[in-house]
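**Q** Sequence:
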Amino acid sequence: MALLEPDVRELTDRRFRRMSGRSLGQGSGRRKRATGLPPGPRWPAWVQTVAVMRHRHWFHDYLHRTYGDTYTISMVPRGEQLVFFTRAEHTKEIFAGDPEVFHAGKANAILGPIMGEHSLLLQDSDEHKRARKLLMPAFNGQALREYQSLVTELAADEVARWSPGEEFRSLDRMNALTLEVILRVVFGVTDEERLGRLRPLVNATVDISPAILLGWGYPKLQKFSLWKRMVETQHALDQVMYAEIRERRTAPDLAERTDVLSRLIRAGEGEDALDDTELRDQLVTLLLAGHETTATALAWALYEIGRDDEQLRRAREAALHGDDAWLDAVLKESMRLHPVIPMVVRTLQRDATIGGIDLPAGTTVGPSIIVTHAREDNHPDPEAFRPERFLDQNPPPNTWIPFGGGARRCIGAGFSLMEGVAVLRAVLASYDVHAVGDDEPKVRNITSVPRHGARIRVSAR
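Residue numbering for the sequence shown follows this note's numbering, starting at 2 and increasing by one per position.
Honestly, I wouldn't trust all of these hints.
Stated by the list, open to error - Derived SDA-like pairs (lysine to any residue); straight-line CA-CA distance at most 25 Å:
id : residue 1 : residue 2
1  : 229       : 195
2  : 224       : 214
3  : 93        : 400
4  : 93        : 359
5  : 443       : 77
6  : 229       : 79
7  : 93        : 39
8  : 134       : 189
9  : 130       : 279
10 : 93        : 408
11 : 130       : 412
12 : 93        : 69
13 : 221       : 55
14 : 221       : 234
15 : 130       : 97
16 : 229       : 197
Rather than coming from a laboratory, the hints here were simulated on the basis of the structure. All values reported here derive from a predicted model rather than from experimental measurement.
Please work from the sequences and hints to get the whole structure.
**A** Listed below in structure tokens is the structure:
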């Protein structure tokens, strides 16, 4: 069904009304703290929430050192309890858990006001199975091979704009590039006017403070400027996206197009057909989940390569001689050493036992990616950047989990790795990179990015 502009505005407002009430907790009233949970700080819930949202790298390390391999925190606004696990065998239990019991959608409710209730990240049970089935063909091996040439072309265009001796924040350049990839490969947008409207709206959606996300748990805050601006940004983004969906449905070349939006429009038949709202929610999910995360991993990879002459030499040789396996290992080690997402969470629909610990329904559980990736028993010498960990082998199961795992493993994992390798190849085939200064992670929305943008200087060889 085609949507007119007033209808789009009402759909956006309705989404915020429905999903804001679900953010950071289900139901109403403050939860009573369950007994028998693993230990954790007794600080007020709002202090713990700020710590995990704003200072997550320090906080997870502190919790692990203080309370051991399993620990519990409390979150506002209703005192929900999150139990984190850091051992691989416990992570395996969570990822292999019954999807009807271990709900990821409810655990991701904080993202609902922006991504929408039909988002793959927010769905559970049959709805999730249906959506994933429709999306999978757009990310299978054949589809990735079709996208690769466009990704390579866009990467080459970006690198061609660089100049020898130029110094810049690699995060900014990688964000611009991966956004262009997403807009063209996922949305299939080629009209420069529409691209010009989409770019700033997407950037405004991505570059938000964690305070915005926390605020969705308190709908009255949306009357104030910080949250009100975000709502208006979503109005504008939805108008452009629904217009693109509406026009694509009637495009004369729809049957020949290979972008994800066109594939999804063609995929559904009868009861499986996705309506405009479902398409919008899935596209925003792919846009936000597949844009900044890959850009951040690439920025950290360039930064790490640029800090060590031997790493630079090895990566340069790989780019020049088609050794994609090494470039893939570089990207994976970047994701291990610098986790972009801090955790993978599930909300229990029934009582469950994990690692011998009995947990009541309503508890949110999940592995801490930050701690898992930094454990010495998982990755020897964990603070060192060593791509060879991923060459001709993989780390032990459930010790490298940037894409989650089990039935909920990120559907775009293959696309992200393909894109990252193509970009590294394009950069290192033309330039050497040199890190400028030190960097450290900082929190932006739900992700962690280089605080100083992973600054590099490029030089011609």
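**Q** Kindly indicate which numbered hints from before are broken by the structure, ordering the numbers from low to high.
**A** No numbers; nothing is violated.
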